[in-house]
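With the hints as a guide, bring both chains together as one complex.
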Amino acid sequence: MIKNLSLEKIEDVLYLLRRPREELKYLSPEEMVTALREAEQKITVHHYPLRLSRSPSKNLLELGEWSYHQIYLAMGKEIGYCLGHGRSSGARERHNQMIDAFLEDKVLQQSTPTAVLVTHKSLLLAYYFHQHYAYVAHDVGMNWGGEIALRLKRSRLPCSERRGPIFSDEEVWFKEGETEKLVYRAVREDIHQRRMEERLREMAEGNQETPPEKIKN
Amino acid sequence: MLQPEQEIIYFREEQEISRITSQSAICSELENYLLNEQPRLKPGEKLRIPLPQNDFQYTNTILRVEAEESHLVCYTQNLTYTIRYVNLDLKKLRGHLPELMVLKE
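Quick mapping for you: the protein sequence lines, in order, are chains C and L.
Take the position in the first sequence, starting the count at 1, then add 317; the result is the number in our numbering.
Take the position in the second sequence, starting the count at 1, then add 381; the result is the number in our numbering.
The shape of chain L in the complex, shown without the other chains (with noise of 0.2 Å):
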C-alpha cells in the first residue's frame, strides 16, 4: 500500500505514539480506513490511531480539524493529534473538504 518513502506518523501533543511505514503489515481494511476515511476526517467523528498487529484505539470526539500542506492538526477537547503525512498528498487524499472544519454546538 505506502510506497518507500511514504509514511503517516501520529503525534499527541507533538510526541510521535505510532507510524506506518511501507514495511507496515496492514489488512486491506485498515488500507483504505488510511488513505480514504482518515485524510477526510470530520469533527463529530472518532481517530483511530493505528497499534501493532492491526489492532487500534479510538481517540475521543474530534472537535476540530486543520489542514495544512502535509499534516492533519486534530483536537479533542484535551487533547491535539497530529498526522504527518510524509510523501504523500494530503490535499489529493482530501479532494475539496475546507482546510478548518469545527463542530458546531
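In isolation and in its complexed conformation, chain C is listed as follows (with noise of 0.2 Å):
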C-alpha cells in the first residue's frame, strides 16, 4: 500500500496523516534532513488546525497543539516525521532549524512540494499544493536568531500564514512572490449576529440620513 502512494496526491498525504503516530517514526530535524535527501517521496505539510486541543493526538491529521504546525514527512523503508510548531521553545527551534535546513539547500527546496491542509479535528476543510518547498511564516527566529528572518527574505521563498483574530472570522493564505492565494477563510455568523449587526447598520443609516435635531421636531 505504502509503496503505491503518491505525495502530490492529497488522498496519499491524508492517508500518512491519518496512521497512527506509532507507525511513523519521529526523527530529530539532523535525522530528518538526511532522510528527507535519501528519502523516495517526501513532503512538507502546512497544517492549520481551526480546533486546538492539548490532548495527545493519535494521528498527525488530528494535531491540534497549536494555530500552526510545519510537518516534515519522509517515506523510504519506513515513514519518519518531523514537525515543528509554536507550543514549546524546543518546537520552535525545530521550526526554525528546519527552515534553516532548508535555506541552505536549494536542491532540498526543488524536490519537496508543500501541502497546506486547513483541518477541524480530523476532517479537511480546505488544502492548497505548491510544487516546491515553502515554510510557515510563524515565529521565524524564534529560539533560533532573528537574522534567519533577514535570510528568508532575501531568498523569497513562498510561505503560507494564518490572519485574523482568534474567534473571529480566520484566514489562511499561500504568498508566492507578490501573489497570494486565499487557502480558506472561516465565516461566522449566524442569525442573531446577523440581525444585531442589521439593526446596528440600519440605526448608523438613519442617523446619517436623519440628524438627531429633525427627529426632535
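It is worth saying that the hints were derived from the structure and are not from the lab.
One or more hints might be untrue.
Some chain L residues judged to face chain C by a derived CB distance under 10 Å, without partners named [said to hold, decoys possible]:
(1) 406
(2) 410
(3) 411
(4) 427
(5) 430
(6) 432
(7) 433
(8) 434
(9) 437
(10) 438
(11) 440
Using C-beta positions, here's what the derived DEER-type ranges look like [said to hold, decoys possible]:
(12) C/340 / L/416: 35 to 45 Å
(13) C/339 / L/470: 23 to 33 Å
(14) L/433 / C/424: 30 to 40 Å
(15) C/325 / L/387: 37 to 47 Å
(16) C/507 / L/416: 53 to 63 Å
(17) L/421 / C/464: 23 to 33 Å
Glycine included, every Cβ here is placed at the ideal spot set by N, Cα and C.
Here's what the structure looks like:
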C-alpha cells in the first residue's frame, strides 16, 4: 500500500497523516534532513487546525497543539516525520532549524513539495499544493536567532500564514512573490448576530439621513 | 534506552513536571541528550525538559549546578529544577565534572 502512494495527491497525504503515530518514526531535525535527502518521496505539510486540543493526538492530522504545525514527511524504507510549531521552545527551535536547513539546500527546496491543509478535528476543510518548498511564516527566528528572518526575506521562498483574530473570521493565505492566494476563510455568522448587525447598520444609516435635531421636531 | 526501573524525573520547585521511563518512546537524539549531555550540564546553558511526543521545553539560563549522588539541582535566576536519576549512576554519567559549578560574572 505504502509503495503505491503519491505524495502529490491529497488522498495519499491524508492517508499518511491518519496513520497511528506509532507507525511513523519521529526524527530529529538533523536526522530528518538526511532522511529527506535520501527519501523516495517527501513533502512538507502546513497544518492549520481550527480547533486546538492539548490532549496527545493519535495521528498527525488530529494535531491541535498550536494554531499551526509544519510537518515534514519522508518516505523510504520507513516513514519518518518531524514537526515544529509554536507551543514549546523545543518545537519553535525545530521549526526554525528545519527552515534553516532548507534555506541552505536549494536541491531540497526544489524537490520537496508543500501541502497547506486547514482542518477541524480530523476533517479537511481546505487544501492547497505547491510544487516546491514553502515555510510557515510564524515564529520565524524564535529560539533560533532573528537573522533567519532577513535571510528568508532575501530568499523569497514562498510561505503560508494564518491571519485574523482568534474567535473571529480566520483566514489562511499562501504567498509566493507578489501573489497571494486565499486558501481558507472561516465565516462565522448566525441569525442572531446577523440581525444585530443589520439593526446596527440601519441605525447608523438612519442617523446619517436624519440628523438628531430633525427627529426632535 | 532506559532499563526497567530506571527513570529520570524532573521537578520544578519540588513539583514533578516530567518523567522519562523505560516505556517512554523517545527519539535517538533525545536519548543521546538525556544520557550524555544533560548530566554534564554547565552553568550558562539551558536545561531541556522533555515533554510528551518527543517535544521539549527549554528553561532559562542555568546559573548554578549542584550534583548530588542521584540528583542534579539546577538554578536559574528565579527557579530551581531538580533532576532525579533513579537507578542510574549519575557520577559515571558526569565523569570528572565538579560537584558544584557556578556561572562566573
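Here's how the hints hold up against the structure:
A hinted interface residue such as residue 406 of chain L counts as satisfied when its beta carbon comes closer than 10 Å to some beta carbon of chain C; here the least separation is about 8 Å, so the hint holds. A least Cβ separation of about 3 Å between residue 410 of chain L and chain C falls short of the 10 Å threshold, and the interface hint therefore holds. Proximity of residue 411 of chain L to chain C holds as hinted, the smallest CB-CB distance being about 8 Å (cut-off 10 Å). Restraint check, residue 427 of chain L versus chain C: the minimum CB separation of about 8 Å is within 10 Å; hint holds.
Satisfaction of the interface hint for residue 430 of chain L is found here, the shortest Cβ-Cβ separation to chain C being roughly 9 Å, below the 10 Å cut-off. The restraint placing residue 432 of chain L at the interface with chain C holds, with a minimum CB-CB distance near 6 Å, inside the 10 Å limit. Taken as an interface hint, residue 433 of chain L checks out: its beta carbon lies about 6 Å from the nearest beta carbon of chain C, inside 10 Å. For residue 434 of chain L, the interface hint holds, since its Cβ comes within 10 Å of a Cβ in chain C; the closest pair sits about 6 Å apart.
Among the interface hints, the one on residue 437 of chain L holds; its C-beta lies about 4 Å from the nearest C-beta in chain C, closer than the 10 Å criterion. Given hint, residue 438 of chain L at the interface with chain C, holds; its Cβ is 5 Å from that chain's nearest Cβ, closer than 10 Å. Of the supplied interface hints, the one on residue 440 of chain L holds, with its beta-carbon coming within about 9 Å of a beta-carbon of chain C, less than 10 Å. Between residue 340 of chain C and residue 416 of chain L the beta carbons are some 27 Å apart, a value that contradicts the proposed interval 35 to 45 Å.
One distance hint, 23 to 33 Å for the beta-carbon pair residue 339 of chain C and residue 470 of chain L, holds here, with the actual separation near 31 Å. Restraint check, residue 433 of chain L to residue 424 of chain C: a C-beta distance of roughly 34 Å satisfies the suggested window 30 to 40 Å. Range check, residue 325 of chain C to residue 387 of chain L: about 45 Å between beta-carbon atoms, so the 37 to 47 Å window is met. Between residue 507 of chain C and residue 416 of chain L the beta carbon distance is about 55 Å. The supplied range of 53 to 63 Å therefore holds.
Roughly 29 Å separates the CB atoms of residue 421 of chain L and residue 464 of chain C, a value that falls within the hinted 23 to 33 Å.
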